[in-house]
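Trainee: Turn these sequences into a full structure, and let the hints steer you where they fit.
Its first residue numbered 1, the sequence shown is counted upward by one per residue in the numbering used here.
Calculated directly from the structure, the hints in this document are not laboratory data.
Take the hints with a grain of salt, since some may be wrong.
[Said to hold, decoys possible] Between beta-carbon pairs, the in silico distance windows are: (1) Ala453 to Thr176: 44 to 54 Å; (2) Glu83 to Gln386: 23 to 33 Å; (3) Ala274 to Thr40: 20 to 30 Å; (4) Arg233 to Phe271: 34 to 44 Å; (5) Glu193 to Lys263: 55 to 65 Å; (6) Ala453 to Asp42: 39 to 49 Å; (7) Asn431 to Gly131: 40 to 50 Å; (8) Lys263 to Gln314: 22 to 32 Å; (9) Thr40 to Glu139: 28 to 38 Å; (10) Ala75 to Ser204: 52 to 62 Å; (11) Gln356 to Thr59: 35 to 45 Å; (12) Asp349 to Glu449: 44 to 54 Å; (13) Phe387 to Ala441: 23 to 33 Å.
[Claimed, not checked] Once the Cα atoms are required to be at most 27 Å apart in a straight line, the calculated DSSO-like pairs of lysine-lysine come out as: (14) Lys211 to Lys395; (15) Lys367 to Lys389; (16) Lys367 to Lys395; (17) Lys211 to Lys263.
Idealized CB from N, CA, C, for every residue including glycine.
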Amino acid sequence: MKTAAVRWSALALTAGLVFAGCAQGTSDDSSDDETGGGATFDPEAELSGELNVMGFGATDEIGQTRLDLASEAIAPVEVSLIEGDLDIQQFLSAVATGEPPELVYANRDQIGTFASRGAIIPLDACIDGEGIDTSMYLEPALNQVTFDGSVYGIPEFNSVQITQANADLLAAAGLTLDDVNGSDWDAVSAANEAMYVGDGGSLSVIGYDSKLPEFLPLWAKANGADLLSEDGRTAQLDDPAVLEALEWAVSIYDAQGGFGTVKAYRDSADFFGAGNQFATNVLGAMPMEQWYVNVLNDVSPDAPMAFDTVRDRQGEPLAYASGSAWAIPADSANPEAACRFIKTMTETDSWIAAAQARVDLREAEGKPFTGLLTGNAEADQAIQDQFVKPSGDEKWDAAVAATYEANENTFTLPANPADAEFKTAWQDAVNRVLNGQQEPAEALAQAQEEAQAALDEAWATWDEREEG
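Mentor: Take a look at the structure:
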């Protein structure tokens, strides 16, 4: 998978081409912008042609069940999947040449940049015409794909963090989940030192993993700060609360011999296998996305686990949400089929059918259903009500309960036209600190300048285009 920096380099190289090559759906004609090149969206309209989908692969029963339903909904349109993670350079080059795929599946934090570059069209007409009820989507997820007042993507799936801990290591150190769920940073630091086993550069048990650089937004929010203003125009990386969060999260590694030592030991673990860090008693606790619960249950069902939400410093549940979204490229040859496909893939009935398929598979394997977060709040509730049952194993039931509680307490960073550059700025700053190149205050000050410059330039380009 490409890094954010590489992704942005690809985007920057082709951004000018995108502007030059965009026509239907991205021209100065506002009617084209609103309809997708003059498309008419009607749930009763007969469809034809092809639908090439980039970035999506139906690799499991959740994807395949919905793909079957969506393909049936747009029949006789022929659906072809360009599988694998979205190749941004390939996608933008295709848009620039006027021959993009009909539909694209992207990370939600890419939507703002794609929208500002004219690579995708607003979906307002699609939503109205096909009767898509956007109120069913999780508000933070929908906000992440709403750029300058228009919806440019339809959210799908939601990933949230929960606290995942080794109950035996907690008990041996006289600790509880309250000591590692983030509600008290001093308690987490003390728990880290109590469970950590190592000597200098040698490490045999990681006490706590604060999961830098990727979880800086989580710790900043837990400390009352957002990395970016609500309107997506102002970087706030030098906020004192962000600095405090970074200093604390880095101190967790410093207490265990430094980030390099912890990372090397962490990377040596059998993360997806039966020899994972929890099963082998070499990790005390960490925040981690809820999908890892399913991995642990599959490969190490008897591991001594304990689960809670991640909590802010006031003790309230908190999660930094991420996920994917469907978007229709500029110059899509079949926006009508793309819109109906999107509607079917993300509607409540489709998700329930997909959840049923997973429940059936898990029951056949003698394993519990550990929940499903879809990005559709209505579907999430229906799935929880219909399929989430006590498993007979308290620890896994606690994991599912924590997952759903976290999903009700999420935040995201707002869509903006410099998504990739902004992310690169703060992640590079954290890495410079972790690598010993800069102190936290200096690193965040540099990141603030870099991020704000990128935001100012990207927003100015967008504002000029809108005024023109």
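Trainee: State for each hint whether it applies.
Mentor: Checked hints:
1. Under the hint 44 to 54 Å, the C-beta atoms of Ala453 and Thr176, about 46 Å apart, fit the expected range.
2. For the pair Glu83 and Gln386, the beta carbons lie near 30 Å from each other, so the given range of 23 to 33 Å is met.
3. Look at Ala274 against Thr40: about 55 Å separates their beta carbons, and that is not inside 20 to 30 Å.
4. For the pair Arg233 and Phe271, the supplied restraint of 34 to 44 Å holds, since their beta-carbon distance comes to about 38 Å.
5. Range check, Glu193 to Lys263: about 18 Å between beta-carbon atoms, so the 55 to 65 Å window is missed.
6. Between Ala453 and Asp42, the C-beta spacing of about 45 Å keeps the proposed range 39 to 49 Å intact.
7. Our hint of 40 to 50 Å for Asn431 and Gly131 holds, since their Cβ atoms are close to 46 Å apart.
8. Taken as a hint, the range 22 to 32 Å holds for the pair Lys263 and Gln314, whose Cβ atoms sit roughly 30 Å apart.
9. The beta-carbon spacing between Thr40 and Glu139, approximately 29 Å, falls within the hinted interval of 28 to 38 Å.
10. Here the CB-CB span from Ala75 to Ser204 is close to 58 Å, well matched to the stated 52 to 62 Å.
11. Under the hint 35 to 45 Å, the C-beta atoms of Gln356 and Thr59, about 18 Å apart, miss the expected range.
12. In this structure, Asp349 and Glu449 meet the distance hint of 44 to 54 Å, their C-beta atoms being roughly 49 Å apart.
13. At about 48 Å, the beta-carbon gap between Phe387 and Ala441 misses the expected band of 23 to 33 Å.
14. At roughly 23 Å between alpha-carbon atoms, Lys211 and Lys395 fall within 27 Å of each other, so this suggested pair holds.
15. Distance hint between Lys367 and Lys389 is fulfilled; the C-alpha atoms sit about 12 Å from each other, no more than 27 Å.
16. Restraint check: the Cα-Cα separation between Lys367 and Lys395 comes to about 14 Å, which is no more than 27 Å; the hinted pair holds.
17. The straight-line distance between the Cα atoms of Lys211 and Lys263 is roughly 10 Å, inside the 27 Å bound, and the hint therefore holds.
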